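Visitor: One-letter residues, chain by chain:
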Amino acid sequence: MTDDRIVPVTMPKWGLSMQLGKITAWAVAEGEDVKAGDDLADIETEKISGTLEAADAGTVRRIIARVGEDVPVSGTIALLAPPGVSDADLDAAVAQARAVIDAGVPEDAAGAPELQTADVAGRKISFAGAGEDGDVVLFVHGFGGDRNSWLFLQEPLAARFRAYALDLPGHGASTKDVGEGTLDMLADAVAGVLDALGAARAHLVGHSLGGAVALAAAARDPARIASLTLIAPAGFGTEINVGYLRGFADAQSRRELKPVVAQLFADEHLVTRQLVDDLLAYKRLDGVDEALHTLLGVLLDGDVQGVNSAALLTAADGTGAGGAVPVTVVWGRDDRVIPAAQAEAVTGADRHLIDRAGHMPHMERPAEVQAAIEQTIARAT
Amino acid sequence: MARNITYREAIHEALAQEMERDETVIVMGEDNAGGAGAPGDDDAWGGVLGVTKGLYHKFPGRVLDTPISESAFVGAAIGAATAGLRPVAELMFVDFMGVCFDQIYNQAAKFRYMFGGKAVTPVVIRTMYGAGLRAAAQHSQCLYPLFTHIPGLKVVLPATPYDAKGLLIQAIRDNDPVIFFEHKALYDISGPVPEESYALPFGEANVVREGGDVTIVALGRMVHTSLEAAAQLAGQGVECEVVDLRTTSPLDEDTVLESVEGTGRLVVVDEAHPRCNIATDISALVARKAFGSLRAPIEMVTAPHTPVPFSTALEDIYIPDAQRIVNAVKTVTGWSR
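Chains as they are written, first to last, in numbering that gives the first Met the number 0: chain A, 0 to 380; chain B, 0 to 336.
These are computed hints drawn from the structure, not numbers from a lab.
Keep in mind it's a predicted model, so treat the numbers as computed, not measured.
Be careful, since some hints might not be right.
[Said to hold, decoys possible] Capping the alpha-carbon separation at 35 Å, the derived lysine-lysine pairs in DSBU-like fashion look like this:
#  : chain 1 : residue 1 : chain 2 : residue 2
1  : B       : K109      : B       : K52
2  : B       : K52       : A       : K123
3  : B       : K329      : B       : K183
4  : A       : K46       : A       : K34
5  : B       : K52       : A       : K282
6  : B       : K288      : A       : K257
7  : B       : K329      : A       : K21
8  : A       : K257      : B       : K329
9  : B       : K183      : B       : K52
10 : B       : K183      : A       : K282
Let the hints inform the model, and build the full structure from the sequences given.
Guide: See the structure below:
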């Protein structure tokens, strides 16, 4: 008989394909009190390393998963409980959790959802999603990213929404040819995926270049967009880190790429070998080098930004200031690619400036970004 | 989109995609189709290990079965390369390279240099190497040091399916003669490989495991054996950094030196005989250029200086195994003046 005051801390699911995670370090010890948002543990998966934050306040009574041990997703790795809960009850809960960890990944565990494709003007556009019910939320990644950029957000949002992420042309598993690389062409891909999903309306979440793409899609068909969450969007000022953009497009080796990618994050420890290797493998696919350089020509006008998102925003919400489409802008205060000050230029938007985050707040502080997205969706009618 | 395929399938896919992309790419060798012109299936074999099976019908006229004369078809491939084709010749076992060595080291390797850069020889010679398949002394050697020694040749030894595909595509697109070494024991390993084409640059080693205590430099099949040893050692608190050279010519000196500068200790693992092999080459490099970083003498783990034995018991102890690597790592970590 378990005491319902025992709150399990479980292995999160970071990314649709994650089945196992490994604790690389515990940030807490048994007996310590934690509050929601405190760091609990560093966790490593096949794809990424991240920090698990406490969802609830409480006292850490038992740490179950050992450092270096593989734990199936949703397996209990620690127990929070008030002092009144007996050791016997805790030990019983530990034994149950231990059995789950030792059993490994269940055979019927959900693997990665099948990658879907849409044909958009002759280009194959790939997308993947999770979630059965609710509104469609479509994630649009930035320059050089792909649908996996959303691994910390897509799974939690899938509990309440049909959460999909696409690969823009030139990225991920989509066709690498980007033609002239215009925002219109990229917005076509977004519309094409919505068509393929049969979504009459959708919430868009766009990051960086993907923010401008989401705006371009909304500007063309405002009625189709229920809300917009823009994360460090391109096009709301002139300043941008051209060294980063050109460095990313030009890097030919891990040695060249790693310091460039480090500029994305406030905490450079997030730049794991796996992350750099995955990016390098992507950059080496036939056609990617050309695609990135073509897109660079659209993103940049000389040494300043070449896209104007403010004009798109006006077209997208109909009024230019808090109109029909709820707009939220999220920015990491330590953004070294596009300065966070440009959030001020997103007229009429709710603003969330996030501490301890760089250009990738959705990877560095996913819980706060998730909350911002959920608030935006809640504002939509 | 990456999916898991075998080393054999990765090589096949690289050939198929490059043949599709560039009609000057042709495949030739003993039984590369296998039955053309004879009763039964035209592509009965697809090479002795089935790598090229299926290409014969897909690319009519571009998969050639050759006579059992390595000197003739390797010479023909090199000649065709100088005349505008991009041939991929399959020379079953590297052990047979002896009969066509003039074509390789004295002709193909020299053209670009001797004709002032005006001649290119974009030929790839795929070949099997290595012990472990009970194939005895004349079909089991690791002769890549011989080719690494020759300026003008590029020498490639993929350890994984991902590397096999990307390095073979680079080999085909490269304008210099490339000797592409496939270890017999690796054909059935599988790993993630993108469906799309990609080229991996030559001269870029891959750090396949990070660690701060000891650098293990390995190549080909020995990368896997080294990883096995590194996993065992991690359980004993010793963290090894494993560097896969991927190509021995060109050689990525920087990655090796940077790793040793970080760890101060080096073990080199090479399945070739111990004299004038890659292990001695890497040892010399590190001794000359990173001497100040070394905290212990360099250890080499290699096969002995004997032919590969036919006795299965002897062959098994001939091939470097994880235990010998573990022992070498313990020697360098335990060393003191």
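Visitor: Hinted pair, alpha-carbon criterion (35 Å max): B/K109, B/K52. Please report holds or violated.
Guide: This hinted pair holds, its Cα atoms lying about 33 Å apart.
Visitor: Are the Cα atoms of B/K52 and A/K282 separated by 35 Å or less?
Guide: holds (30 Å)
Visitor: Between B/K288 and A/K257, is the straight-line Cα distance small enough, at 35 Å or below?
Guide: It holds: about 25 Å lies between the C-alpha atoms, which stays within 35 Å.
Visitor: Please work out if A/K257 and B/K329 have their alpha carbons no farther apart than 35 Å.
Guide: holds (32 Å)
Visitor: Going straight from one Cα to the other, do B/K52 and A/K123 come out at no more than 35 Å?
Guide: holds (29 Å)
Visitor: Please verify whether B/K183 and B/K52 have alpha carbons no more than 35 Å apart.
Guide: Holds, at about 17 Å.
Visitor: Please work out if B/K183 and A/K282 have their alpha carbons no farther apart than 35 Å.
Guide: The given pair, whose Cα atoms are some 30 Å apart, holds under the 35 Å limit.
Visitor: Please work out if A/K46 and A/K34 have their alpha carbons no farther apart than 35 Å.
Guide: holds (28 Å)
Visitor: Given the hint that B/K329 pairs with A/K21, does the C-alpha gap stay at or below 35 Å?
Guide: holds (27 Å)
Visitor: Hinted pair, alpha-carbon criterion (35 Å max): B/K329, B/K183. Please report holds or violated.
Guide: holds (30 Å)
Hint compliance for this structure: no hint is broken.
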